[in-house]
Amino acid sequence: MSEKYILEMQGIVKEFPGVKALNGVQLKVRPGTVHTLMGENGAGKSTLMKCLIGMYAANAGTITYKGRAVKYKSTEEALNDGISMIHQELSPVLERSVSENVWLGREPKKGIFIDYKKMRQDCLELFGKMGVDLNPDEKMKNLTVAKMQMVEIVKAISYNSSIVIMDEPTSALTDSEVEDLFRIIAELKAKDVAVIYISHKMDEIFRISDDISIFRDGTYISTDQACNLTQDEVIKRMVGREITEMFPKQECGIGEVILKVDKLSSGKAVKEVSFELHKGEILGFAGLVGAGRTETMETIFGMRPKTGGAVYINGKEVNIKSPQDAAANKIALLTEDRRGNGILGILSVKFNTVVANLKTYGFPVDSKKMAADTQEYIDRLSIKTPSMDAQIQDLSGGNQQKVLLGRWLLTDPDILIVDEPTRGIDVGAKAEIHRIISDLAKAGKAIIVVSSELPEVMGVSDRVVIMHEGRVTGVLDRCNLSQELIMKYATKEEVESKSMVREGE
Amino acid sequence: MKKMRKMLAGLSAMVMVVGLLTACGGGGSDTDSGSKSDGDSGSNGGSTKLTLIMSQRDEWLGEMEEAAVKEAKEMGINLNTVDAQSDTSKMLQFIESAKNDGQKAVIINMVDPETAEQCVEAAGDMYVVFVNRYPSDDSVLNEKVVYVGSDENTSGYFQGEWLAEHFKAEGKSEFSYILLNGILGQTSTTLRTESLLKGLEDNGVKGVEATAPLAAEYQRENAQDMIAPLLKTTQYDAIISNNDSMALGAIEAMIDQGIDPTTVPIVGIDASLDGRQAVKDGTLDMTVFQDPKGQGRGALIAAKNLINGNAINDGTDWELDETGNILWIPFEPVTIDNVDEYDNR
Amino acid sequence: MSIQRKKFLSDNMIWLVLIALVIIMSIANRNFATVSNLTTLLTGEAIKGIMAFGVAFAILTKGIDLSLGAVAALVGAVSGALVQPTDFAMRTLSSGVRLPAPAAILIGLLLGAAIGGCIGAIIAYTEIPAFIATLGAQLICRAAAKMFSNRPVSKLSDDYRFLGSGRVLGIPMIVIVFIIIAVISWFILVHTRFGKSLYAIGANSQAARVAGINVNANLIKVYVWCSLMAALGGVLLAGRSGSSDPSTSGLNYELDAIAAATVGGTSHTGGVCSVTGVIAGILILGVINNGLVLMGVDDNMTNILKGIIIIGSVVLDMRKNIKKV
Numbered sequence: 001m002s003e004k005y006i007l008e009m010q011g012i013v014k015e016f017p018g019v020k021a022l023n024g025v026q027l028k029v030r031p032g033t034v035h036t037l038m039g040e041n042g043a044g045k046s047t048l049m050k051c052l053i054g055m056y057a058a059n060a061g062t063i064t065y066k067g068r069a070v071k072y073k074s075t076e077e078a079l080n081d082g083i084s085m086i087h088q089e090l091s092p093v094l095e096r097s098v099s100e101n102v103w104l105g106r107e108p109k110k111g112i113f114i115d116y117k118k119m120r121q122d123c124l125e126l127f128g129k130m131g132v133d134l135n136p137d138e139k140m141k142n143l144t145v146a147k148m149q150m151v152e153i154v155k156a157i158s159y160n161s162s163i164v165i166m167d168e169p170t171s172a173l174t175d176s177e178v179e180d181l182f183r184i185i186a187e188l189k190a191k192d193v194a195v196i197y198i199s200h201k202m203d204e205i206f207r208i209s210d211d212i213s214i215f216r217d218g219t220y221i222s223t224d225q226a227c228n229l230t231q232d233e234v235i236k237r238m239v240g241r242e243i244t245e246m247f248p249k250q251e252c253g254i255g256e257v258i259l260k261v262d263k264l265s266s267g268k269a270v271k272e273v274s275f276e277l278h279k280g281e282i283l284g285f286a287g288l289v290g291a292g293r294t295e296t297m298e299t300i301f302g303m304r305p306k307t308g309g310a311v312y313i314n315g316k317e318v319n320i321k322s323p324q325d326a327a328a329n330k331i332a333l334l335t336e337d338r339r340g341n342g343i344l345g346i347l348s349v350k351f352n353t354v355v356a357n358l359k360t361y362g363f364p365v366d367s368k369k370m371a372a373d374t375q376e377y378i379d380r381l382s383i384k385t386p387s388m389d390a391q392i393q394d395l396s397g398g399n400q401q402k403v404l405l406g407r408w409l410l411t412d413p414d415i416l417i418v419d420e421p422t423r424g425i426d427v428g429a430k431a432e433i434h435r436i437i438s439d440l441a442k443a444g445k446a447i448i449v450v451s452s453e454l455p456e457v458m459g460v461s462d463r464v465v466i467m468h469e470g471r472v473t474g475v476l477d478r479c480n481l482s483q484e485l486i487m488k489y490a491t492k493e494e495v496e497s498k499s500m501v502r503e504g505e
Numbered sequence: 001m002k003k004m005r006k007m008l009a010g011l012s013a014m015v016m017v018v019g020l021l022t023a024c025g026g027g028g029s030d031t032d033s034g035s036k037s038d039g040d041s042g043s044n045g046g047s048t049k050l051t052l053i054m055s056q057r058d059e060w061l062g063e064m065e066e067a068a069v070k071e072a073k074e075m076g077i078n079l080n081t082v083d084a085q086s087d088t089s090k091m092l093q094f095i096e097s098a099k100n101d102g103q104k105a106v107i108i109n110m111v112d113p114e115t116a117e118q119c120v121e122a123a124g125d126m127y128v129v130f131v132n133r134y135p136s137d138d139s140v141l142n143e144k145v146v147y148v149g150s151d152e153n154t155s156g157y158f159q160g161e162w163l164a165e166h167f168k169a170e171g172k173s174e175f176s177y178i179l180l181n182g183i184l185g186q187t188s189t190t191l192r193t194e195s196l197l198k199g200l201e202d203n204g205v206k207g208v209e210a211t212a213p214l215a216a217e218y219q220r221e222n223a224q225d226m227i228a229p230l231l232k233t234t235q236y237d238a239i240i241s242n243n244d245s246m247a248l249g250a251i252e253a254m255i256d257q258g259i260d261p262t263t264v265p266i267v268g269i270d271a272s273l274d275g276r277q278a279v280k281d282g283t284l285d286m287t288v289f290q291d292p293k294g295q296g297r298g299a300l301i302a303a304k305n306l307i308n309g310n311a312i313n314d315g316t317d318w319e320l321d322e323t324g325n326i327l328w329i330p331f332e333p334v335t336i337d338n339v340d341e342y343d344n345r
Numbered sequence: 001m002s003i004q005r006k007k008f009l010s011d012n013m014i015w016l017v018l019i020a021l022v023i024i025m026s027i028a029n030r031n032f033a034t035v036s037n038l039t040t041l042l043t044g045e046a047i048k049g050i051m052a053f054g055v056a057f058a059i060l061t062k063g064i065d066l067s068l069g070a071v072a073a074l075v076g077a078v079s080g081a082l083v084q085p086t087d088f089a090m091r092t093l094s095s096g097v098r099l100p101a102p103a104a105i106l107i108g109l110l111l112g113a114a115i116g117g118c119i120g121a122i123i124a125y126t127e128i129p130a131f132i133a134t135l136g137a138q139l140i141c142r143a144a145a146k147m148f149s150n151r152p153v154s155k156l157s158d159d160y161r162f163l164g165s166g167r168v169l170g171i172p173m174i175v176i177v178f179i180i181i182a183v184i185s186w187f188i189l190v191h192t193r194f195g196k197s198l199y200a201i202g203a204n205s206q207a208a209r210v211a212g213i214n215v216n217a218n219l220i221k222v223y224v225w226c227s228l229m230a231a232l233g234g235v236l237l238a239g240r241s242g243s244s245d246p247s248t249s250g251l252n253y254e255l256d257a258i259a260a261a262t263v264g265g266t267s268h269t270g271g272v273c274s275v276t277g278v279i280a281g282i283l284i285l286g287v288i289n290n291g292l293v294l295m296g297v298d299d300n301m302t303n304i305l306k307g308i309i310i311i312g313s314v315v316l317d318m319r320k321n322i323k324k325v
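Protein chains in written order, with my numbering: chain A, 1 to 505; chain B, 1 to 345; chain C, 1 to 325.
Next up, chain A with everything else stripped away, as it sits in the complex (with noise of 0.2 Å):
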């Protein structure tokens, strides 16, 4: 029996202060295969993962690998055992080598010497094996977060593992590099490694998977061959209940001009954008990482200098050079990176909740009214967290996203802007965040979407505008909607100026 899967977990329990993250979870996996992982975020997925590989100690339950009991006190353990982890954040040494990262904590050596001569023929022999194409000795931090993702695999795959863990690795890829990705999955299949995959996207996973597990609220609930389910099937489990439309869209009356954004540039990433947004619409952008677009709204928002063009909001030219402008011409902006610049980690859910909003609270400070206020938001998108005094880090990312939303709201903005608002986050929590957003349209906000899901985009805006290295491709109205389309203007340069800007339609 044991023969049959490399690995069994049984059992396992893990709890934190609070809150209990693993119920008597189970997993199986068999030798090459790919074994993918479901579940909201908060279901236990990353935490099973990182009991695997010794990240964290599981309270009870039994980890069998290659048909003997394991238990890692460290990655670095596991790792020399032959399970490799990619993590969804990413930790290079950005000041280092592409070489110097992979072989990190293991350089080769010649007598006390580092041997870089070996280390980077060792990579470049490894980089043909895989098929990628880098350089070994350019610095990490001149890598695209995607080139840095296969830094990280082709660095798991060093070690001669058998079990390669990755948890959400395409999210911040784009299509040619999810195929480069699945590529190497493949050879590492063939070489009878077991990948056990973990992401929210249904269409790669029944691409790529052989065997899918579901877990809810950290306990187990299913584990059947991907050939035997469907998309709706897994989505049922995995919420527990059924979801029945992924991009809730509203018909709303759209209303007059709000923003008007004119030959916005900003250095070398925003060239002469162009567009208009009404009361009651969502916009949506679309184009490739890279685009421009988070820079774009960057440079509204005043985070990034204006180095040309004009924007106007309800027709007044506007001069925004910092955020606290942007929050006085009601403009709010949900950023792409929650962790970098979005949530206070180690703060109070209630905290983060009115950190946008404390001017509002008079002095001294209205503490109960920060609650009341915490508490509506909390209900209202119905933001799971066990008090309002946890720490945010402690919730799970969509949670985290929602918080930030109300942040946003609490503040009552007529522009709101929301950047890879569901980057990372379960479809039950992804679905809600389309609804939240939907309502808000209806309510006569103007609602900005940045995504670089395709499907998502299309599903909630009303027009869509395509960017390219900082230029604005193409404009294309809801009706005229095609991801072919989109695909077209978003990977070509020369602008059709027919569709640019919808002048007085």
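Hints listed in this document are in silico derivations from the structure and should not be mistaken for laboratory results.
Do not take every clue at face value.
Taking lysine-lysine pairs in the DSS-like style, the calculated list, with each CA pair at most 27 Å apart, reads [what the hints assert, rightly or not]: (1) C:K6 - A:K384; (2) A:K236 - A:K384; (3) A:K155 - A:K118; (4) A:K368 - C:K7; (5) A:K141 - C:K62; (6) A:K359 - C:K62.
Since this is a predicted model, take the numbers as computed values, not measurements.
Please build the complex by placing chains B and C on the supplied structure of chain A, with the hints as guidance.
This is chains B and C only, laid out in the frame that chain A set:
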């Protein structure tokens, strides 16, 4: 559970460390173990407990402290020495602690001689013995508040006298010098420098300072760094220092630059161990012995005499000033002729 | 053990340590737990404590202030020089009148605030580490103090000395000032927008900026506050001893203040600070300072113990606050 245990472990470890240190402190100096064990820190129980507050600890003050500790042992006094680390506020706190502990007298080597009044205030009913640093405002001295030290008006004077004789013998009535001051503004520095100039003047020799005023803060390294660039760029006939440490720093700098230190008269004050060795080597021509052991012993004797109601020089041949509240421990000039006498002082 | 009890222990560890120390000291020396000795203890720690409240704000925003002691020396000397008797031969300012104490103190505090404003502006706008900026400020302020007067500024007027050495109802003014500052610090941190902003900046300055908090302006205010506390410390130091020696006044006080704030659980990774914690930190170090002196323990041993406690407290703090990875 695990975290809990760790925290308890941390707590108990800390308690143990404190206990250990307490034990160390108690047993480390054998004079105070007696009073500690019966929990009696006051003076009525055979052994008297006193506190000596040091302004800081340098070589000379260390010798003084050592002599005081030795004397205390011989007298059967339980002496607690503490270092105020140049912090007036800390010094005042130490005085108050001694008062709170019910001690009868406190010996203070002041951080800042301007604060004598505050020291006396903080000491409350305790007798106060100021040692080595003379109060700027000496009106605080009375039958309960006394000073033990050497008369700084004579230290520099000895240097001046020696230098005058030296240059007169060479037939000069004028010479230039580099002067290494201690800490500017400090009474000892001021007096040493003033009395030096007076010593020169009284003996009919004119000294000209070859540089802008230098303040090396009594530190050997400071003096070395400060004088090094001047040695070859300045015209000077002598090097005068407010203490031996700085003079030694100057000698060090000269040797570094290949200048023979015996060619220039160099004078210091203190006759410290290293200073006396330099006198024997011929590099330091003259120094003035300020008796650290005498001051340390004297302070303790004065404290004991105060407690017992005797004159503060009782049992010694040291002299008092006319008020009877100052015990002078004399300065003595030291040259190669008499340096050996100081080896066992 | 229930999670609540674990949390209680972890949150109140510092008070348990303090209580344990007080018990040990009381047993070891019967003169420790007397009113007069505890007053001495508080008087001795009050100035460092006030500076600790200053630097705690800086540490809360992931900064530090190494200039506290030097600013104290400069302010002590300058404000002190304004209240020396006009007929005093060693007067620092050869001409000029003797100001009433409140005016001199106010000038001192304004000088402190101005220095803080400069330090804060440098940190906020050049983005150099606070460690470097305040290290430089330390050297400059100490040198400026020594240039201002090369000898102790003494014979300070009695009204000037009231804050530092006066008593009201038997309680030293210095302790009263400390308590007032503690209350003000608590009020700022818990009940003002400024205080809340500091937590946000410390936790994640990028996120704070996006959330519309003027990070630069708040950083400047932080260092104004720091230097203001240092200036107040300088006035108290001068008042306490009646003389302010520019070369030694406040020497290394910043380190004691940082130690107290650190032991009090102020996290150097930012975003964590409580006034009660800082008070506990000050008291722990004070109990050690005072208690071990009473026991006749060697200073070096005292410092070893302090070192162990500082490191130990940060180890505990890291375990508590850093997300378990």
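Evaluation of the provided hints:
1. C:K6 - A:K384: 24 Å, holds
2. A:K236 - A:K384: 19 Å, holds
3. A:K155 - A:K118: 15 Å, holds
4. A:K368 - C:K7: 24 Å, holds
5. A:K141 - C:K62: 24 Å, holds
6. A:K359 - C:K62: 23 Å, holds
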